[in-house]
Each structure stands twice: as structure tokens, then as C-alpha cells.
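Given the coordinates of chain G, assemble chain E onto it according to the supplied hints.
Sequence lines, in order, name chains G and E. Positions 1 to 598 (this note's numbering) are the ones given, in order, by the first sequence. Positions 599 to 972 (this note's numbering) are the ones given, in order, by the second sequence.
Don't take each hint at face value.
[What the hints assert, rightly or not] Have a look at the derived ranges for each label pair, beta carbon to beta carbon:
id, chain 1, residue 1, chain 2, residue 2, range
1, G, K294, E, L942, 46 to 56 Å
2, G, K294, E, R948, 34 to 44 Å
3, E, D904, G, M30, 53 to 63 Å
The hints are simulated quantities; they were obtained by calculation from the structure and are not laboratory data. Backbone N, C-alpha and C fix where the C-beta goes; we use that ideal spot for every residue, glycine too.
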Amino acid sequence: MPDPQFIRNFSIIAHIDHGKTTLSDRLLQMTGAVEQREMHEQMLDDMDLERERGITIKARAVTLQYRAADGNLYTFNLIDTPGHVDFSYEVSRSLAACEGAILVVDATQGVEAQTLANSYLAINNNLDILPVINKVDLPSAEPERVREQIENVIGLDAHDAVLASAKAGIGVAEILEKIVSRIPPPKGEKDAPLRALLFDSWYDSYRGVMCLVKIVDGEMRRGMKVKFMSTGREYEITEMGIFTPKPKAIDSLGVGEVGFFSANIKDIVQAKIGDTVTTVKETPVPLPGFQEVKPMVFAGLFPIITEEYENLRDAVQKLKLNDASFSYEPENSAALGFGFRCGFLGLLHMEIIQERLEREFNLELLTTAPGVRYRVLTTDGEWMDVDNPQKLPDPARIDRIEEPFFEVTILTTDEYVGPILALAIDRRGRQKKMEYVAANRVMIVYEMPLNEVILDFFDKLKSISRGYASLDYQFIGYRESDLVKMDVLVNGEPLDALSLIVHKDKAYARGKMLVEKMREFIPRQMYEVALQAAVGNRVIARETVKALRKDVLAKCYGGDISRKRKLLEKQKEGKKRMKRVGKVEIPQEAFLAVLKID
Amino acid sequence: MDGPPPPEPSSPRQHASLGAYVHLPFCATHCAYCPFVISTNMALEDQYVDALLREIEARQPVGELDTLYFGGGTPSRTRRSAEVSSALRGGNRLREFTLEANPEDIDDEAIARWQAMGVDRLSIGVQSFNDDELRQIGRIHDANAARDAVRRAVASGFRTNLDLILGLPRQTIESFRASLDEAIALGAGHLSLYMLDLDEKTPLQVQVARGRTTLPEEDDVARLYLEAVETLARAGLEQYEISNFARAGEESQHNLRYWRREPYLGLGIGAHSFLAERRFANTRDIHRYIADPVHAEEFSEELSADERRHELLFLQLRQSRGIHYEEIIELCGQEAVEWTDRGLREGWLRRAGSRVAFTPAGFLLSNDYISQLF
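Excised from the complex, chain G in its bound form (with noise of 0.2 Å):
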């Protein structure tokens, strides 16, 4: 068991696309633990989609070994990190396991919003940040100013910073020393009861739930029996290991050591993230910080072919033995048969949840547009939550309705700040606070309602700004607001699924720009399609799809049928990936019709 004093527990933290995976593999080739043959790029993230789309979704941690310039060989654990800021709550509790960060800034891009939100974030856990100013041998570089940047916008010593590039292993070699140095060792009680904080658990289906922990205080060993200081649930460890990246068994962890161990838990729920690990006979004081993860946003997913339902429970079960985070129930949509109420983290986990259903799972899904959890408060004086807009009670038993709200915080040039607030203003955002932080940079603090930043926000921002806006935003809570539920009408029935709540004064915009929207996704069909959007019994918007009169009454040229045969064939394909709503068929765009309305 190695002495705390020659262990560095430390995470990469940077903007996305700033040089994190390149540098974390730089340090597992240049420690040893892959050899070059076996180097490819992005090492640490081993999910298809993650490599795919360049973001971590799952921590994960490295045990390295390094001989240090003193002579003496040191045992680094590398915490990955989620890289977006759905995650950010695992994010803290990654960083809550580390007592160091390397903080990686792009040499050419400078100081983004993701940088400043992951650096408070660290400094909020007391960790050391050793700057680093990664990319410098690209002809675009100007690290000076960037070092600037780091000491003014957000507060760190720079002068030290290591000018690098992974890519090329430049600044690598300092950085491992730097690490040696300038991170401390684990602090730790080597004889008090064992306190072991869990920061990523995952679901095998060999080994059931894993979990990854860091040793606080004590020590953990196979075949004891441990207890989860947050359920009170106890279980006996029947595996523990280290990644090296391969995993590797081992019989104990002491103080500061990171590590895993299996315990034949069946539920992910059971292994809450940022719970305390301890014994079976002892009661220390949890470790702080820990908290409940909530879904944030919600939507429905239904198959488009009804007799899919089974499979997609299925899958939704299979998907959350995995995601502690994930939540979901049945939904019974008039209009859209059975389906689930799912909660996610955010956007992003959204759509990594709809993408492995449909690729993992090979389902055709219908997504309805993403929404917020509301707090209600009746008439009777009892609240609710309500995240589903046709749970909604009626209005006449409604005191009054909060939303969650969000600290949304902008780091953009100061030329696209006038569209920036705009939009800002557009999405009921309220300002906090605007102020130039480095020549041409400009924060922006807004607080805004969850469901109008998940109504395309980034998108918006992204294209007002031409990519050059980065954002970051965090919870802050629930306030009142004058929200009302609008429902979408096809042919006089209301569709339930495509109920939304909006606030009062944008009712009416908004729902003559959905129905707009909706009949260009509507193809004629074989009756005429009436569209309406209503508040309570008032109709604000209409929109006709025409009825079709007549398709392509194609002649079989000289005995050609399997030409006629195949066309039919493909307008049933094209069909299959409408939902059926009574006599109509809807494409999967309309019912995404809200996402998109400028």
C-alpha cells in the first residue's frame, strides 16, 4: 500500500476541444501504462458515442507510475471528468475525490465559459490548479495573452503556467514534475473509520454495480462488509481493483488510494454518486457535499410502431441498470399510445439516452419536445410536481405555478453582445451582470427559466454568435411565474403529447409559430389536417394541411410491376416513420415543431 505522501489524485479540467483527451493520453504513454504500439487516440473515453461525439460522459480513473526527478516513484490517479455541464454535479464529486487540477486552456482560443465554470468548481472543492496553456505550437497562439486572461477572468496565479502541446508532447515532461510539486498529497486518517467517497458507479453485467471510490480516511478490503452511508444499505466487497488502464485485482486500498470494487449490488440507484462508503460497525461523519441528482428536463419517448412498446421498456430497464441519473415512467398518451415520461440531467443527456435506445436497441423513436419540472401549489394548499404538461391540474384549481430557474453565464466577444441580450431578453432572461473581463471579452450573467433555455437556447446562441459565445449555467432555483398550458388540436382532438406549459404573454406567439411550423412538417395527406393551438377553450392560431387529391397514378410501362411494386413499398417505408394519430399521420419533425420556431 503506497505511502499518501507519494500519491497525486488529480483531474484534467478544460473547455471542450481545449486538448484534455490529448493530454491525458500524453501522461498514460509517457508513464508507461500504454505502450506506444498499443496507443490510440482517446484512451480514457471507451464509449462509441463519446469518441464520437469527443465528449466523456462517464468518469473514469487511471492509476499511473511515476519516477520523479527525486528519485522517488509516485502513484498518480488521473480522474477523467464529464466534459459538459449536464454532468456537473458528477463533475464535483470527480473533483471532490482530487486535491490537484491541471487546468488546460487552448493557446489560441483563450479562457471559455466551460473553463471558468469547471475552475470554480475546482477551487470550490480547495483544489490546486496548475495552469496549463496547451497548443502553443500553433501559428495562432498567443499564450501571453492567454496567461492574462487566466489571472484576470478567472483569478489564478499564472505565472508558472506550463506552456505545452500535447499533441506534439511539448511542456509534457514539466507537467508530470509540476504535478509532483505542486499538488499535495492526500490528507488522510489511516486508523479512523473507514470514509470512502464514491464518485462514479457504473452497471456490469458480470459483476453487477461497480463503483469508483478514493479512500479518505481508513482502509477498504475484499471481503469486507461495507455500508452506503446514505441508503444504510450494507454489502460485502467481492472485488476490488485498480484501472492501469487494464484492470488490475487488488486485496486493499489505504488512505488516498482510488480505486474500484464490487459488491453484488443489483441497483444502480443503491450506489448513489458522491455517497460515503464506511463500515458495517461504524457511523463517521459522511463526507459533505453530497446530493440527490434530479432529473432536470423531461419528455416523452413513444415507439413509432406501437407493438415496440415491450422492447422499449426493455430497453428503458437495460438503460437505467446503467444511469442512476435517468428516470423514467409510463406514459399513456391518447394520441400516442404507451410510452415513458423520461427524466434527464439535460439536453445533452437527453439525446445520448434517445441515440443509444435507437442505436443500441434498434428502436424508432418519438421524441415530444423536452420540458421542465413545475412546482404547483392548489387551492387545497398542497404542492405538486408536475412534469408533464397534461398532469397539469385545472387552472381554476391552480394558486400559483413555479419554475425552476438557471444562473446562465455568457462568455462571448463584445461585438455579438447586442443579439446576445436580445435573445437573452426574448428567452425571459434577467440580467446579473455584464462586464468586460479581458479586452474584447465580455461575461454575461443572466438568471433565465429552465424551459426557455432548453427551447434551442444553444443553438441560438451558437448561431448569433457564430460559434463564438461559450455558456455554462447551474441551478439556482424555483420561482413563481405566470405560466398557462397551451395543447396543439389535429382535426378538432387535442393532442395530448404536444401540450406544452408557456408563460402567459408568449402564448400567443408561440403558439401561432408552432402551428406554422407543424404544417410544413405535414404532408398532404388523404383528408384535410386542421391544426390549432388553444389556451383553456380559446383557439389563438390555426393552420390547414390541405387534403390531398390525387397521387402519382403511375402506368406499369410495358409490364415493368416491380417498378410500381418498389415505389409502393418505399411510400409505406416513409410511413412507417409517421406516427398515426387517429386518421392522420404526423412526422417525428412536428412533434419537435416548438425546437423549432425562431
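Just chain E now, kept in the frame of chain G:
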């Protein structure tokens, strides 16, 4: 055993009765709406006919052949068509021998030649009796030539079909009605009414896409189709298929083969065959065909059970007599019960004895409605 025999071109000998389609691809000009396999290179005609004769010899379809159809292109322009027909039919008596003809080719000399060949049915590509519309689509004949041609054909004792197109550029409600009335008045026993189908890459499609010419409103075209079905019925021309109308006994026996899934052999470029549940077709490349007409097959498919089911559905349903109710239930199960009930209730379908068939309004949307059962 001497090992497997060399691959032979499919021979239709085993069939009781057979139709043959011969593709004669040559045209004087390329009409703007035409997506067919045609050639305006008349210099190839001799070589092409030689190749056809070789294909006929290789397939030896003599014996049971009883309907013959010369299509194109412009068969009325092919000088050596008699050689082709005698090679094919030998001494066979045919139930029907159709030749497609353009109005400008129908004169006394041609009529005598076709009669000597045994042609008993002419299908005339009139398309419209409006000179402006004819010019728009690049036809060489005018309305007068069309009138003259139909009169001559009918007077010479041919069973006569007339092709009309609905939905042509510049066509108006009035001009279409006028064309239809003329067609009826000329006394042909058969009429094919096609809606203009804008195929990709035809010159007309390009013109429309670029806004150089406009087509009639879709709703008007639909209305005119329904009106035409009634007008033609009043004149004794009953609808028997989506696009085909005939006096009793004047139905095209050869075309009925296609819809009844009876065997037929296609000869020449791009020609399709259906023998023993296999569909196959020759190359569309005239040079390749001339080089080796005996091994010119380019497309072939054995039908899966589903594909056969799809064919039984749409080929029967495109006929006015429709499909036996029991058969559609057998093919599609419970879904067909609901499909039929809804169609009857909403007026897309009608009952005809023990059969279910499309109404004219149903025909207009039959692609959509049939494919719901696939």
C-alpha cells in the same frame, strides 16, 4: 452427368398461354415528357432488328403465344416490323395483336402493311386534340393529323385505342373537356387516360422545375379525372382499370395479362418479362443489346412471399373489378377488415358483389391507400 448445363435464356415453353411484348425504341424526336427507353438514332435500326430476331430465336416463344404487343418508341416507324412478327408468331392464331402508332404514320399504305402482318388493334398516341398543348410537349403531329389518323384506323376495322394525357402544360379545364369529347366522337372503342407523370430528368420536368412552364392545378386535375370517368361511362366506355376505359369486349387483352399476373415475355431493350414467378428485364443500353441480345438480361428478381402479396394487392386493386373480399382478408388478415370498413365508410372503396374495389375518388389516392396494407 456432364456437369451443369450452360445457363440458357428463360424459355416460356411450359406455359399454357403467353403474351409477348416487343420494344421498338426508335422515334423521330424525343418528346419532352417521355421517360421510356427510346432512341432517335435511326441508323441503328437494322442492327437492332437483327438483334431482336436473334433474341426471338434464342427464346423460341412459338407455340402458345396468343397476345402480342409492339410498343415503343414508335413501332409505326419501324420498317421491318413484319419480319419480327412472323419470327415470333409463326402460324399462331392470336387473340390480339396491338401496335402502337403515331398519328403522322397512319396512312393507307401503313394500314395495309399492318393488316398483312395480322395487327388487329392500333394504339394511337394522340395525347391531346389541342395544337398548343401538343407543341408544348414536343409532339410532331397536330390535332388534325390525330383526327384523321383515328378516323382511318376505325374505318379500317382496327380495334382502336387512343392515348390522352391529363395535366399537360397549358391544359385548361375547357381544353381537356374538348379533347375528351373529340376522342369520344371519333368512335374509338378504347381510351387510355394517363395523368402526366413528371419523371425526373425529362426535359419537361426540368422546364417545370425552372419555372419555364406551368402545369394545371392538382385539384383541377383530380376533378377532371372524376368528371372524365363519368363522361366516358355515359359514352359507353366503362372504366376497367385506373387509366383504361373500353366498350364491352374492347379491353386490351395484353395489358390485362400484366394486372392478372399472367405470363409474358418481353423482347428488346428495357423489356420486362414475367415467367414462373420470376420478373426479369433486358438492359436499357441499345449498344449492349445489339452486341449480345441473347445475354442482355440486366434485372431479375424472384419474388418473396411479401412481394407476391403486394403484387396481388395492387395489381388487382388497380382494376375496376377489384379483389375478392375473402382474398384480401386471406392476404392481410384483420388489418384488411378495418381497411375495407374505413374505405367503404369514407367512400374510397365500393362493394361489387363479393369483391371490393376502388371508387374513382379512391383510384386517385390508391397509391396512398394501398400502401397502407403493405
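Here's how the hints hold up against the structure:
With their beta carbons about 53 Å apart, K294/G and L942/E fall inside the hinted range of 46 to 56 Å. Look at K294/G against R948/E: about 59 Å separates their beta carbons, and that is not inside 34 to 44 Å. Evaluation of the 53 to 63 Å hint for D904/E and M30/G yields a pass: the beta carbon distance comes to about 59 Å.
Consistency with the previously given hints fails for number 2 only.
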